[in-house]
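Number of protein chains: 2
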Amino acid sequence: MELWYTDQHTKDVRFSMKIEEQIASCESEFQRIDILKSCEFGKVLVLDGELMITQKDEFIYHEMISHVPMAVHPNVKNVLVIGAGDGGTIRELTKYDTIERIDMVEIDKMVTDMCLEHFQETSCKLNDKRVHMYFEESLRYVRMKNDEYDLIIVDCADPYGPAEGLFTREFYGNCFKALHDDGILINQHESPYYSEHSRTVQKAHNHIKLVFPFSTVYQCHIPSYPSGHWLFGFASKKYDPINDLNEEAWNKLGIKTRYYNTDLHKGSFYLPTYVKELLGTNE
Amino acid sequence: MELWYTDQHTKDVRFSMKIEEQIASCESEFQRIDILKSCEFGKVLVLDGELMITQKDEFIYHEMISHVPMAVHPNVKNVLVIGAGDGGTIRELTKYDTIERIDMVEIDKMVTDMCLEHFQETSCKLNDKRVHMYFEESLRYVRMKNDEYDLIIVDCADPYGPAEGLFTREFYGNCFKALHDDGILINQHESPYYSEHSRTVQKAHNHIKLVFPFSTVYQCHIPSYPSGHWLFGFASKKYDPINDLNEEAWNKLGIKTRYYNTDLHKGSFYLPTYVKELLGTNE
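So the sequences go chain by chain: A and B.
Residue 1 is where the first sequence starts when you use the UniProt record's numbering, and the numbers rise one by one after that.
Residue 1 is where the second sequence starts when you use the UniProt record's numbering, and the numbers rise one by one after that.
Do not take every clue at face value.
Copies of the same chain look alike in the list, so a pair counts if it works inside one copy or between any two.
Stated by the list, open to error - Once the Cα atoms are required to be at most 25 Å apart in a straight line, the calculated DSS-like pairs of lysine-lysine come out as:
1. K276 / K266
2. K177 / K266
3. K276 / K56
4. K252 / K209
5. K129 / K266
6. K256 / K77
7. K177 / K237
8. K37 / K129
9. K252 / K56
FYI, nobody ran anything at the bench for these hints, they're computed from the structure.
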C-alpha cells in the first residue's frame, strides 16, 4: 500500500509527501489534529488538513522567528509568544540565559499535549521553569496587558479559523500597548508568491505600519510551506533590524543554529523587487 | 475532467499543478518536450517529464543567473551561454547595450523552436543581432575555446541525461580556459535541501573551487523548483561578487527587473548555516 498526504498550496497546486504511518489523530474543541510520519520530512503536524511543521525543516521557521529579534534587542527579559503550541519557538528562546520569563498563549491545549508526546525534539523546552503556559484566547489575553513585554512573537497558523483575529489592526494595536517603549513585535507573515497568500501579506503589513513607527519584512526558505518563500514581519518602537544588529554580541553567545547566522540576518531583509512592490516599499 | 501534471521532487515528494490543456508535445533526438498550460503558473515547459520553466516564475531564475555577474564585471563584451534554449537568459543579457556578442550553445534545436513558438515572452530576444546560436554539444564547443569570453553562463537542466557532463571538473576547467583573465563563470547549482540534489551541490562546488581562484554560491527563491530554494555558482578569476559589485553603476542603467536588485544581490550571498556547512565554507 502507498499512503500519500497532500497539502493544498492553492486550489490549483498540490504538495504531496509519501507517508510511512499515521501516528496519531484526534479532534480537539478547535480543530482536527494529525501527526504523520513521512519518508522525506520525518514527523509532520497537520491541523485541519494543513501542514504546520515538519521535523526536517521546523528549525528554519523557529530559528528565524526567534533569533532575528534577539540579535537586535539588547536586553530582552520578558517575552510573550502567541500560538507556538508545538514548542519550537520556546526551544530557541530558552537558549538565551538573559530571558527571565516567557509567557506562551496557545488556544488549543491538545496541540501542545500531542507535541509533548510526539514532537519531543520540538517541545523539549516547554518544561523550562521560565515558561508559563496559558491555554486561552490570545486576543483577550493581549488586550489586558500594558507595557509588560520586550518582545512579542506571533507564531500562528494561516489567517482563517482560530488564527484569523491575529492578523487584524486591533490585535497589532494591543500588541503595541503590551510592549515596553523599546519593544519588538515579530509575526509570521505568510508568503508573497501565490495571490491567495500575498493579499494577506499586504493587508497585515498595512495594518502593522499604521501602528508601529518602524515596520518591515524579512524572508527565508521553508521548503515544506507553500512556495517555500516565507516572510516574517519585524515591527518595533525603536530598533532597526540591521543598524541595531549587534553581530559581535550575538556571535559571542555561542548559540548553535543550523539556518540563522548574523550575515544571513542582514541578507534576509533584502527583498526581491516584486515583494517590495507588494509591500509598497519600493523606491 | 481534471488534468494534473506532477513533477517528482524526490521519490517521496510530489509537486502537482492543475492543467488547462496540453499545448504541444514532441520527441526530439534527445528528449521528450511538452508544453502545458497550467492554471497557477501559466505555460510550463517540461523535458522528459521534469519541469524546466514556468511563465509565472521564470523571471526569477533568468534575472538571478544574468544580472548578478553583470553588476560585478565592469566590462562584459563577449558572453557564452550554455543551454538556455528557452531564451530567458538571452532576454536578460540583451538589456545591456555594452554586450557585443552572445554565443548560445544548445544541444536540442527543437527546444528552442518550441519556445520560439509557444514561449514568446521568454524567447523574444533570440533574434537580437548580437546573438549567435549553435545547436551542438557544448562540452566539445567549450573545449575548442581559448581566452574568448568575459562571462560564461551555464543554464542547464539537472545533472542526468543531456546535461550530465556540465557538472564535471573537466568541463569547468575548459570554461576557465575559455574565459579572459578577469572572466566570470555562473552555473545553475541545484538545491541544497533534498539529499538527492545536495550531493550535486557539494560535488559541483568542490570541482569548481579546484579550478577557479574565487568560488562561491548564491541563492534565490524559485517556487516551482524542488524545495523552492535554488542556488547558483559564482566563480571568477578576479572579481569578488560583493566587494566588486558596483551598485551605483548598475542602478544608473535603469534596467527593469522584478526580482533582482542590488541590495538583494548582496543578501543572496549570505547563506544559511546548513548550506555553508554543505559547501565546507562555514568558519
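The hints, checked one at a time:
no.: 1; hint: K276 / K266; result: both (16 Å within a copy, 16 Å between copies)
no.: 2; hint: K177 / K266; result: neither (28 Å within a copy, 36 Å between copies)
no.: 3; hint: K276 / K56; result: between (30 Å within a copy, 18 Å between copies)
no.: 4; hint: K252 / K209; result: neither (33 Å within a copy, 30 Å between copies)
no.: 5; hint: K129 / K266; result: neither (32 Å within a copy, 41 Å between copies)
no.: 6; hint: K256 / K77; result: within (20 Å within a copy, 45 Å between copies)
no.: 7; hint: K177 / K237; result: within (11 Å within a copy, 55 Å between copies)
no.: 8; hint: K37 / K129; result: neither (31 Å within a copy, 56 Å between copies)
no.: 9; hint: K252 / K56; result: neither (27 Å within a copy, 43 Å between copies)
The structure does not agree with the numbered hints 2, 4, 5, 8 and 9 stated previously, though it agrees with the rest.
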